[in-house]
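Chain by chain, the residues run as shown.
Number of protein chains: 4
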Amino acid sequence: MRFFSDNAAAVHPRVLAALGEANTLDTAYDGDRWSKALDGQLGALFETAVRVLWVPTGTAANCLALGALCPPWGGVICHRDAHIQNDEAGAPEFYTHGAKLMPGEGAGAKLTPDAIAAVADAVVNDIHRVQPHAVSITNATEYGLVYRPDEVAAIGELCRARGLGLHMDGARFANAVAFTGASPAELTWRAGVDALSFGFVKNGGMSAEALVFFRPELAAETLRRRKRAGLLLSKGRYLAAQILAMVKDDLWLGCGRAANARAATLAQAGASRLIHSVEANEVFLHATTEEAAALRAQGFDFYDWAPGEIRLVTAWDSDEEAVARLARAIGAL
Amino acid sequence: MRFFSDNAAAVHPRVLAALGEANTLDTAYDGDRWSKALDGQLGALFETAVRVLWVPTGTAANCLALGALCPPWGGVICHRDAHIQNDEAGAPEFYTHGAKLMPGEGAGAKLTPDAIAAVADAVVNDIHRVQPHAVSITNATEYGLVYRPDEVAAIGELCRARGLGLHMDGARFANAVAFTGASPAELTWRAGVDALSFGFVKNGGMSAEALVFFRPELAAETLRRRKRAGLLLSKGRYLAAQILAMVKDDLWLGCGRAANARAATLAQAGASRLIHSVEANEVFLHATTEEAAALRAQGFDFYDWAPGEIRLVTAWDSDEEAVARLARAIGAL
Amino acid sequence: MRFFSDNAAAVHPRVLAALGEANTLDTAYDGDRWSKALDGQLGALFETAVRVLWVPTGTAANCLALGALCPPWGGVICHRDAHIQNDEAGAPEFYTHGAKLMPGEGAGAKLTPDAIAAVADAVVNDIHRVQPHAVSITNATEYGLVYRPDEVAAIGELCRARGLGLHMDGARFANAVAFTGASPAELTWRAGVDALSFGFVKNGGMSAEALVFFRPELAAETLRRRKRAGLLLSKGRYLAAQILAMVKDDLWLGCGRAANARAATLAQAGASRLIHSVEANEVFLHATTEEAAALRAQGFDFYDWAPGEIRLVTAWDSDEEAVARLARAIGAL
Amino acid sequence: MRFFSDNAAAVHPRVLAALGEANTLDTAYDGDRWSKALDGQLGALFETAVRVLWVPTGTAANCLALGALCPPWGGVICHRDAHIQNDEAGAPEFYTHGAKLMPGEGAGAKLTPDAIAAVADAVVNDIHRVQPHAVSITNATEYGLVYRPDEVAAIGELCRARGLGLHMDGARFANAVAFTGASPAELTWRAGVDALSFGFVKNGGMSAEALVFFRPELAAETLRRRKRAGLLLSKGRYLAAQILAMVKDDLWLGCGRAANARAATLAQAGASRLIHSVEANEVFLHATTEEAAALRAQGFDFYDWAPGEIRLVTAWDSDEEAVARLARAIGAL
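Protein chains in written order, with my numbering: chain Z, 211 to 543; chain W, 211 to 543; chain Y, 211 to 543; chain X, 211 to 543.
Extracted from the complex, chain Z is given alone in its bound form:
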């Protein structure tokens, strides 16, 4: 019974079926009809004109976005616990040719306008310092917290005022939308987001994420960068088909809701142990070494986050019976 991470979950049957349906000859790269449908389908979802590039990983989506928003000699303000800072092995620096990540503070890996301003204001505006060019936030955050539309909008306003681009790492965007009830548009471009890494792999996809540009002019260069990074798969239709399957009938949102609901069940069971509010599909609990061992002895698999802390992650396919058993086990600790 695995609560280790959502990134190893199974692929949704409808996504798998879409691969089979795409298994006919078509044009290579992104000239096929699936790839060509992305702008329209995601434009409808986001209620605005967008340019969409499929990529095989969230890291690729994030780092292509950063490359579009920040020159090699610039900086990107992000949370010190951000995935781009800690879990991408220097990919942001690789893709931007050496831009500098500028870590900010905030509970639960969440940035605020004040936290961002604090980072930016500490940078003397002279030729000797790397100047910030963009902000990157993660929604839902690495600790399972969710930015509400007005929180994103406040950051977006600061970015516009200071001439900073705004990127959203949406590896768990579905969970954030599910939690807030906001529309995808409200959580992104209406709040000032320029580029979104729209994640599917943690949410039922296999190998396709969507990089969504709300400023379509950013796409042209990024198409070249994607190719130059070895990311332009010749059979792109199999990536596009995954995304289209996830978008169709809001499968992505249903999967996000399912994961959130299972996390809520665990959060309720461990209410007295919660380290962070549970707003998405991650549950961080205080648990002693013995307690963690006791849970493992019952067959539950999860991540030891820090001494005395464990992380439980649910996914679209977390078995409801397993969730219920884990909830009971937590309650019984």
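Please note that the accuracy of each hint is not assured.
As the list makes no split between identical chains, a pair holds if one copy fits it or if it spans any two.
Straight-line distance between alpha carbons at most 20 Å, and here's what the computed SDA-like set of lysine to any residue pairs gives [claimed, not checked]:
hint, residue 1, residue 2
1, Lys458, Pro223
2, Lys246, Ile337
3, Lys246, Glu427
4, Lys246, His338
Keep in mind the hints are simulated off the structure, nothing from the lab. On a predicted model such as this, the values are computed, not experimentally measured, just so you know.
We have chain Z; now place chains W, Y and X onto it with these hints.
Using the frame of chain Z, we list chains W, Y and X on its own:
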């Protein structure tokens, strides 16, 4: 009836089935049992210890290999018509942090030891010139010619003598093995190849190529580079499963043979028009604009290579009836 | 008696004196009064508004210019014998983050619009090919030939028509101006040049070259790149002072004329042996191994360019008596 | 009366004289006899075999050293107030092709083994995190504190134990040696330092710093990197001559002592206002806006470091009378 390129062919049913079989929860990235089986399975195929990394594109495989064999201040000797020189949008320069491709000459995109030595000898060995560090050859070449084991070995010997690494771009390695009848070992490490981009996507795969290191010590850094390039898919098992399916019962070789046989049929029909020998799955023919139009009018799709030249490419799934009709149409020109 | 290269000549006494005059406390970096005078002084020389950055080497000037004119995923068309292609050890690739040099052909290292168009036209305009973004020409060329104003203008016109930036490597710009009698303006911005590496080190300077932007908007980013490359000397006044001393009373032009005149003397003596016209300060002669040895036996030092070819380079400070002796020796071969 | 920074001080007359003495024709780049003397002269000073490269800036020295000690996918632990982190505009990232600086804590910009271990220990050793490869310390620090030999040795021991390279930014190395009375060897390689940026520009030089490798095998690649960065001046003898003049008769040490002594005078006068111990040539004082204005009204120029804090920097050539007047003015506040 499409003879445009092998890179848009359908996915082999056994590969597609393998995706379904891999659709269970397992460890993320390359910790799963499919990924872990690659070294062993490909080691058996190549009759030596290898380290294998899955990647989603041939460009990624090539450029990670070049990065392992050449520092940023070095050069890579390749044919002037090589894919890495002309068709990867600067990915070699991106992955190597600015190494220089040093193009050499040779009929049919084939390099010889003499051609390589000519490039290397033209470089004064001083601090002002970029010095060559590696050689990259493509087998089968971009024009459908095949290096025999002794031809590779002659190049390998030159590389060893001069301290150059040797990479083989095997996007069509299956076609080369099928043509020569040589073993995979004879065409690679026994002939001095250090790293092979073993292609599957043009040959029945969907989104997985294998980067095979015959010098296993090159793998450690490359694992970090793969991650840093945004290429470490979290559900790597779906890539590994494709490769394992292709390797099982020599499916890859059967597909390569099938494509070659279809090309041979076309070559025979167009024998008087051949620009290059047909040794793999590509057929380059002299054809006037009117002749090309006449073929298109009969429903055949292909690439106008240059004025008066057309390229026909077969694949594992080229319809035999369509091939026969095209052969007749060529003969009737 | 050294005719090996102009790059090791002595520093002109007026330049050395300028260093002493600058040896008072002032503001660091480029905030001092010498540095601040550059835009005005060179603007007067070029009869237009310019932005000028001092740098310590011609390679730095060239590569900062290329970085300003070409993105990492672009290409720069240059002659296959260009300094940036052969003698800068990959600095163009380093500074541009991996842009591709695209070598063209032409006698005496000179490009023509046709030669440039031939390179550009060979690049299919698709996502798989690196696209040209700029052209770089060297005046005087690496073989001592000089582009006339109308020749530069023809290239400038082609660049404008195709949206390509135009850089001039003017390591020997003084020699080119001296030869043509054209004004600096006519040879550069009036002919479409966007950025000039204005060389002084080969012409009496010590350690300062001027990167001159005729499109002033290119300077802002380049100021950051210069710092980021470790090229912003804290005591920049000693570089600016060198440039100002060279510009004052057209010292640069006088030095260029002197070097050209000495080369003309040698060219006259070796008229029957000339490989290239002698238009600047370089003389390439046919000479057998025995003839070269005979010259060396008389105390002359020079470069063996290729089998049967020698290169003689004069400088502002070439001893006239030594030049006369060498001329006699050549005539006596 | 300027106490703004040591980086704009005048050039020592003996250095200027050395430029005149070097003003004869010699071989270009680093083939001249001055450049060739560096290894020997600095080897004698450091009492061990060294490889020495001249470069025009401290940033270049630092970043070439980091490039030699850390791959693009690695990290460099430094103090969060380090020059490489804050004042080099991303040059470390440029030269290393995107390595990550990992800032640590410590009073007065000084790192301890514990502080370094804290940074390193926070990095999970997996494929997703950038791993530290080197440590960089500044001696004297950016706040004018000095690492003693045993303090460096403790860091050196930690580095050896963990396989980390150790770089010392010695922009003010003379001040550190002058303060400690230790030998250059004791403060560097005997304490585990692999590479030293030996600064002269703040201490009487004009445009030459020495990058000193105590692991000579690091030099070969760095020679190529120096050229590739546009840092290989063709008239290198004028840089080498500066360094030789500074080393001769320990001019560098005398200049460092002179600067330290003047700072000590100021420190004594402002003893009750000191923010940091004054061990080198920088004096950080608490001073209100009004007090700072009062000093400026008397003709003293300095840097407002932070609200309520000012920085006074002395140099080898700080006028003693001006120092005395400033000391009195501080005492009278």
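Status of each hint after checking the structure:
no., hint, result
1, Lys458 / Pro223, "within (13 Å within a copy, 25 Å between copies)"
2, Lys246 / Ile337, "between (43 Å within a copy, 16 Å between copies)"
3, Lys246 / Glu427, "within (17 Å within a copy, 37 Å between copies)"
4, Lys246 / His338, "between (44 Å within a copy, 18 Å between copies)"
When the structure is compared with the earlier hints, no violation turns up for any of them.
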